[in-house]
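Protein chains: 2
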Amino acid sequence: MRNKQKQVQLRDVQDVLDIIGGRWRGAILASLCDKEKRFNELKRDLGSITPRTLTKELKYLEMNKLVSREAEASGGASVLYSLTAHGKSLNPLIGQIVAWGQKHRKVVLG
Amino acid sequence: MRNKQKQVQLRDVQDVLDIIGGRWRGAILASLCDKEKRFNELKRDLGSITPRTLTKELKYLEMNKLVSREAEASGGASVLYSLTAHGKSLNPLIGQIVAWGQKHRKVVLG
DNA sequence: AATACCGCTATCTTTTAGGATACTGCAAAA
DNA sequence: TTTTGCAGTATCCTAAAAGATAGCGGTATT
Numbered sequence: 131m132r133n134k135q136k137q138v139q140l141r142d143v144q145d146v147l148d149i150i151g152g153r154w155r156g157a158i159l160a161s162l163c164d165k166e167k168r169f170n171e172l173k174r175d176l177g178s179i180t181p182r183t184l185t186k187e188l189k190y191l192e193m194n195k196l197v198s199r200e201a202e203a204s205g206g207a208s209v210l211y212s213l214t215a216h217g218k219s220l221n222p223l224i225g226q227i228v229a230w231g232q233k234h235r236k237v238v239l240g
Numbered sequence: 131m132r133n134k135q136k137q138v139q140l141r142d143v144q145d146v147l148d149i150i151g152g153r154w155r156g157a158i159l160a161s162l163c164d165k166e167k168r169f170n171e172l173k174r175d176l177g178s179i180t181p182r183t184l185t186k187e188l189k190y191l192e193m194n195k196l197v198s199r200e201a202e203a204s205g206g207a208s209v210l211y212s213l214t215a216h217g218k219s220l221n222p223l224i225g226q227i228v229a230w231g232q233k234h235r236k237v238v239l240g
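Listed in order, the protein sequences are those of chains F and P.
Just so you know, we're using my numbering here: the first sequence kicks off at 131 and counts up by one.
Just so you know, we're using my numbering here: the second sequence kicks off at 131 and counts up by one.
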């Protein structure tokens with residue numbers, strides 16, 4: 131039964147890693163932490179991502195209710211991507227991850 | 131310069147996600163949290179992993195100083211894999227991840 | 001009217017992760 | 001001495017992720 135508990139935890143970890151893992155998703159979320167952005171703005175921010183991939187990842191993040199997409203009806207500009215409240219709730223976790231990552235780099239390189 | 135800071139953070143996030151991401155690395159670390167294990171013991175524990183993959187992942191984790199490999203010189207048995215102190219330091223982070231994951235499931239399903 | 005930026009979509013190719021399977025060298029047990 | 005378990009390595013194959021490139025409909029700019 132401790133084993134079953136462990137199984138459940140593994141599933142949770144896997145879920146989360148799916149969401150913030152992969153080449154781009156973490157970076158997209160981090161970029162949106164800063165402030166809401168437009169498609170091409172994100173694209174420039176992320177550097178080498180292709181539009182195909184960015185579209186796909188944004189849709190995935192939308193499906194998971196971490197990011198919301200709003201097209202401005204009239205007037206002009208365009209589309210805005212931003213973090214939902216749920217997306218923002220990832221912030222502290224990302225902070226923890228960053229902190230551990232910095233420690234890790236010291237351990238591995240130092 | 132805030133931008134540069136952000137870049138660094140993105141790299142940290144990427145590093146960490148590499149380490150605990152993927153199909154197996156998280157599971158291997160979790161299995162070793164429990165106690166030190168031998169190669170085939172790990173293999174059985176993880177169920178469907180192939181030896182090729184297990185070897186590769188263990189080497190990766192060793193390189194990153196999260197896991198240590200000790201071959202018992204004489205006597206008999208064999209090789210023991212265990213978490214290093216650095217590896218153990220991941221534990222709280224994984225706890226955070228699990229916690230967020232559980233919240234997440236409620237948001238997405240509930 | 002032409003150019004340029006925006007937010008994509010479509011197609012094709014490459015890269016990577018990981019599974020399937022077979023095999024090896026070694027030691028201990030039967 | 002055959003078999004069994006341990007700790008892997010070697011080869012081949014597949015599926016999925018991501019890159020490269022081109023294009024499209026719309027708006028705003030000159």
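FYI, nobody ran anything at the bench for these hints, they're computed from the structure.
Computed from a prediction, not measured in an experiment: that's the story for all the values here.
Glycine included, C-beta positions come from ideal geometry on N, C-alpha and C.
Hints are supplied without guarantee of correctness; some may be wrong.
[Stated by the list, open to error] Over the 12 Å line for every Cβ pair with chain F, so calculated as not near, a few chain P residues: (1) Gln139; (2) Asp142; (3) Val143; (4) Asp148; (5) Ile149; (6) Arg168; (7) Phe169; (8) Glu171; (9) Lys173; (10) Lys186; (11) Arg199; (12) Glu202; (13) Leu210; (14) Ser212; (15) Ala215; (16) Arg235.
[As the list claims (entries may be wrong)] To be clear about the criterion: a stretch of chain P counts as covered by chain F if any three or more of its residues have a C-beta under 8 Å from a C-beta of chain F, and this derived list gives those stretches: (17) 156 to 166; (18) 225 to 233.
Next on the checklist: Hint compliance check: list the failing hint numbers for this structure, sorted ascending.
Outcome noted: Structure breaks hints 1, 2, 3, 4, 5, 15 and 16.
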